[in-house]
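What follows is each chain in one-letter form.
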Amino acid sequence: MPTIQDFQSWPDAHGRFGDFGGQYVAETLMAPLAELTEAYVRLREDPEFLAELDRDLTHYVGRPSPIYHAERLSQHVGGARILLKREDLNHTGAHKINNTIGQALVAKRMGKPRIIAETGAGQHGVASATVAARFGLKCVVYMGAVDIERQKINVYRMKLLGAEVVPVTSGSKTLKDALNEAMRDWVTNVADTFYIIGTVAGPHPYPMMVRDFNAVVGREARAQMLQQYGRLPDVLTACVGGGSNAIGLFHAFLNDSSVRMVGAEAAGEGIATGHHAASLAAGRPGVLHGNRTYVLCDDNGQITETHSVSAGLDYPGVGPEHAFLKDAGRAEYVGVTDDEALEAFHLLARTEGILAALESSHAVAQAMKLARELPKDGIVLCNLSGRGDKDVHTIAAREGVQV
Amino acid sequence: MSRIDRRFAALKVAGRTGLIPFVTAGDPAPEHSVALMHALVDAGADIIELGVPFSDPMADGPVIQHASERAIAKGVGLADVLAWVATFRERDKDTPVVLMGYLNPIEIHGYQRFADEAVAAGVDGVLVVDCPLEEAAVLAPLRAAGLQQILLAAPTTAPVRMAQLCEAAAGFLYYVSFAGITGAGRLSTQDIAARVADIRAHAKSPVAVGFGVKDAQSAKAIAGFADAVVIGSALVERLDGAATAQQIAARVGEFLGPIRAALDAPTSSS
Numbered sequence: 021m022p023t024i025q026d027f028q029s030w031p032d033a034h035g036r037f038g039d040f041g042g043q044y045v046a047e048t049l050m051a052p053l054a055e056l057t058e059a060y061v062r063l064r065e066d067p068e069f070l071a072e073l074d075r076d077l078t079h080y081v082g083r084p085s086p087i088y089h090a091e092r093l094s095q096h097v098g099g100a101r102i103l104l105k106r107e108d109l110n111h112t113g114a115h116k117i118n119n120t121i122g123q124a125l126v127a128k129r130m131g132k133p134r135i136i137a138e139t140g141a142g143q144h145g146v147a148s149a150t151v152a153a154r155f156g157l158k159c160v161v162y163m164g165a166v167d168i169e170r171q172k173i174n175v176y177r178m179k180l181l182g183a184e185v186v187p188v189t190s191g192s193k194t195l196k197d198a199l200n201e202a203m204r205d206w207v208t209n210v211a212d213t214f215y216i217i218g219t220v221a222g223p224h225p226y227p228m229m230v231r232d233f234n235a236v237v238g239r240e241a242r243a244q245m246l247q248q249y250g251r252l253p254d255v256l257t258a259c260v261g262g263g264s265n266a267i268g269l270f271h272a273f274l275n276d277s278s279v280r281m282v283g284a285e286a287a288g289e290g291i292a293t294g295h296h297a298a299s300l301a302a303g304r305p306g307v308l309h310g311n312r313t314y315v316l317c318d319d320n321g322q323i324t325e326t327h328s329v330s331a332g333l334d335y336p337g338v339g340p341e342h343a344f345l346k347d348a349g350r351a352e353y354v355g356v357t358d359d360e361a362l363e364a365f366h367l368l369a370r371t372e373g374i375l376a377a378l379e380s381s382h383a384v385a386q387a388m389k390l391a392r393e394l395p396k397d398g399i400v401l402c403n404l405s406g407r408g409d410k411d412v413h414t415i416a417a418r419e420g421v422q423v
Numbered sequence: 004m005s006r007i008d009r010r011f012a013a014l015k016v017a018g019r020t021g022l023i024p025f026v027t028a029g030d031p032a033p034e035h036s037v038a039l040m041h042a043l044v045d046a047g048a049d050i051i052e053l054g055v056p057f058s059d060p061m062a063d064g065p066v067i068q069h070a071s072e073r074a075i076a077k078g079v080g081l082a083d084v085l086a087w088v089a090t091f092r093e094r095d096k097d098t099p100v101v102l103m104g105y106l107n108p109i110e111i112h113g114y115q116r117f118a119d120e121a122v123a124a125g126v127d128g129v130l131v132v133d134c135p136l137e138e139a140a141v142l143a144p145l146r147a148a149g150l151q152q153i154l155l156a157a158p159t160t161a162p163v164r165m166a167q168l169c170e171a172a173a174g175f176l177y178y179v180s181f182a183g184i185t186g187a188g189r190l191s192t193q194d195i196a197a198r199v200a201d202i203r204a205h206a207k208s209p210v211a212v213g214f215g216v217k218d219a220q221s222a223k224a225i226a227g228f229a230d231a232v233v234i235g236s237a238l239v240e241r242l243d244g245a246a247t248a249q250q251i252a253a254r255v256g257e258f259l260g261p262i263r264a265a266l267d268a269p270t271s272s273s
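Just so you know, the sequences run in chain order Y and Z. Add 20 to the 1-based position in the first sequence for this note's numbering, that's all there is to it. Add 3 to the 1-based position in the second sequence for this note's numbering, that's all there is to it.
Check before you lean on any hint, since a few could be wrong.
Distance condition first, Cα-Cα at most 20 Å in a straight line; then the derived EDC-like pairs of lysine to aspartate or glutamate [as the list claims (entries may be wrong)]:
#	chain 1	residue 1	chain 2	residue 2
1	Z	77	Y	76
2	Y	128	Y	66
3	Z	207	Z	240
4	Z	96	Z	8
5	Z	217	Z	257
6	Z	77	Y	66
7	Y	346	Y	26
8	Z	77	Y	325
9	Z	77	Z	34
10	Y	128	Y	91
11	Z	217	Z	267
12	Y	193	Z	72
Derived by calculation from the structure, the hints in this document are not laboratory data.
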């Protein structure tokens with residue numbers, strides 16, 4: 021049985037993280053989820069599978085990613101040292117591939133020739149299309165029509181990789197609607213189709229499986245810290261939409277009680293304006309997309325539309341493990357506004373020569389706040405989850421620049 | 004004996020197949036929702052399935068999703084749905100009403116509060132699409148208040164699990180006739196017949212078959228081996244755009260009339 025003393029022991033056998041998680045899905049999905057759970061629970065302890073995963077992470081993804089002391093940024097901020105876990109240097113430019121390579125290998129072992137995925141910013145779609153090409157699988161990506169418009173480069177990238185991109189025009193035409201549509205495809209085509217969920221949400225076993233595949237980030241970072249600095253960081257920070265890069269960084273440190281953890285959610289135009297995507301900081305417990313977690317909804321229980329400058333954080337729910345860590349008091353979740361993220365984006369670009377993804381820029385902004393509160397010998401470890409090339413057009417448009 | 008149980012007992016005595024139409028509450032016109040419910044009964048409905056609009060109906064097809072979006076845009080919420088059932092009950096004490104929807108609106112409303120209000124309004128059963136048997140503990144206050152929890156079974160449901168569903172079934176067991184979303188058009192009658200026969204032999208309650216039933220012919224094909232037929236997307240689609248109570252009643256009659264007749268035709272034996 022998992023215990024509150026051992027945060028790494030969750031979820032329980034039913035996929036629950038305390039009060040959160042579970043399998044809140046229609047009966048038609050119970051059989052495919054059972055099939056997947058059975059396969060994955062076996063594979064996660066199969067040395068041959070893990071060795072195959074490890075080989076691809078090393079030679080295809082390019083792991084380990086370095087931790088980098090952002091010296092000029094730290095000096096500018098004037099406080100503790102800010103270290104960046106450079107997930108932006110992975111193949112395809114973000115942490116997302118840690119998960120897709122893992123799930124594609126599971127799909128292959130399960131004998132499923134077709135994979136489907138949903139995507140918001142397009143990063144998970146690109147990472148799915150990439151591994152589909154790598155393993156010779158057919159790939160269909162569902163993407164909200166609004167997101168397709170603001171992430172044209174990634175849409176074209178997916179097509180170059182051989183994937184079919186299906187626009188979703190229902191609801192708010194963003195990530196949550198793409199997720200609904202992908203679920204429908206899976207229900208209809210379960211026999212030959214594997215659904216690669218891109219974040220630590222959805223029904224069990226997804227939150228556990230996606231976490232496991234991203235946990236390599238924290239395992240590496242923890243070892244790198246001990247080896248290079250002889251100590252653990254004082255505080256970790258990462259952006260939280262669904263929360264896969266954050267849980268990836270946090271998980272290896274969960275039982276290190278000296279390490280504080282702060283998730284940076286998208287506060288959009290400010291939490292008080294209602295235009296945000298801060299499910300943990302401003303939402304309430306509910307049920308969405310197959311799991312119990314914190315959600316943004318109105319008093320009728322209708323999921324509300326969210327806002328963030330970064331498509332990847334524009335999600336009204338959050339992974340159930342984060343909901344659990346929040347309620348257990350193990351991690352804190354705070355809002356970072358669009359403006360703060362953009363300011364951090366520019367500062368990092370000019371002081372370190374790194375264009376961060378807008379999602380990751382939320383974490384950088386939070387790292388700067390945390391660094392100011394700590395003494396000079398303190399260490400803030402920030403997950404730089406993706407690179408910002410995909411966002412150049414969004415930033416130019418927002419700042420009135422013609423590219 | 005619950006209203007649902009009484010209705011199925013009466014159908015059995017009469018040798019009839021039950022007709023269970025589904026409509027999304029508040030669509031096409033919130034102000035005519037109660038009139039729509041009465042029209043369904045007038046056209047031969049044995050049980051009414053009333054969809055509670057939800058913003059993210061994962062297991063429904065585009066037709067019902069759009070109906071939900073239309074209703075939500077007009078401000079329809081759970082409280083309205085309960086009020087309409089209460090008004091419907093003033094004139095109709097016999098036709099069972101099952102609310103079909105998703106968990107989040109009930110969770111946010113509060114389980115105990117929902118249970119009390121639904122019973123007071125005259126609701127008989129709830130079918131919570133995203134609450135399978137494994138998670139059904141959260142619905143304990145509803146069952147304790149006397150609401151029957153309608154369970155779903157699917158072609159993909161494994162034998163051991165099917166036995167659990169048959170054991171836990173209350174009111175009726177709702178068999179979704181193919182592994183897909185509501186409203187899509189695949190239906191192999193032989194497959195369904197074989198599975199449903201097996202389920203009926205074991206289930207503690209009658210078996211209703213739905214998903215993909217769209218006209219008299221497809222309803223009739225199922226009537227031969229099911230206790231009841233559920234019709235949803237095709238009806239919701241037919242109602243789209245109807246503006247007055249008269250229009251709504253006329254479309255309900257035109258659509259359900261031939262289906263009711265086909266189910267009652269002497270060649271249908273169950």
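| field | Straight-line alpha-carbon gap residue 346 of chain Y to residue 26 of chain Y, limit 20 Å | value | Between residue 346 of chain Y and residue 26 of chain Y the Cα gap is close to 15 Å, so the pair holds against 20 Å.
| field | Pairwise hint evaluation, residue 257 of chain Z against residue 217 of chain Z, where the allowed Cα distance is 20 Å at most | value | holds, 13 Å
| query | Given the proposed pairing of residue 207 of chain Z with residue 240 of chain Z, does the C-alpha separation stay at or below 20 Å? | reply | violated, 33 Å
| said: Need the status of pair residue 217 of chain Z, residue 267 of chain Z: alpha-carbon distance at most 20 Å? | reply: With a Cα-Cα distance of about 17 Å, the restraint between residue 217 of chain Z and residue 267 of chain Z holds, given a limit of 20 Å.
| message | Against the 20 Å threshold, does the CA-CA distance of residue 128 of chain Y and residue 91 of chain Y hold or violate the hint? | response | violated, 43 Å
| request: Quickly compare the C-alpha distance for residue 77 of chain Z and residue 34 of chain Z to 20 Å and report which way the hint goes. | output: Satisfied, since the Cα-Cα distance of roughly 10 Å is no more than 20 Å.
| Given the hinted pair residue 77 of chain Z and residue 66 of chain Y, is their alpha-carbon gap at most 20 Å? | Roughly 53 Å separates the two Cα atoms, so the pair is violated.
| query | Holds or violated: residue 128 of chain Y with residue 66 of chain Y, Cα cutoff 20 Å? | reply | holds, 14 Å
| message | Checking one constraint from the list: CA of residue 96 of chain Z to CA of residue 8 of chain Z, max 20 Å. Satisfied? | response | Status holds; Cα separation ~14 Å.
| Given the proposed pairing of residue 77 of chain Z with residue 325 of chain Y, does the C-alpha separation stay at or below 20 Å? | The given pair, whose Cα atoms are some 16 Å apart, holds under the 20 Å limit.
| task | Below or equal to 20 Å on CA atoms is what counts here, so check residue 77 of chain Z against residue 76 of chain Y. | result | Outside the cut-off at roughly 51 Å; violated.
| task | Could you grab the alpha-carbon distance between residue 193 of chain Y and residue 72 of chain Z and see if it respects the 20 Å cut-off? | result | Within the cut-off at roughly 13 Å; holds.
Taken one by one, the earlier hints fail for this structure at numbers 1, 3, 6 and 10, listed in ascending order.
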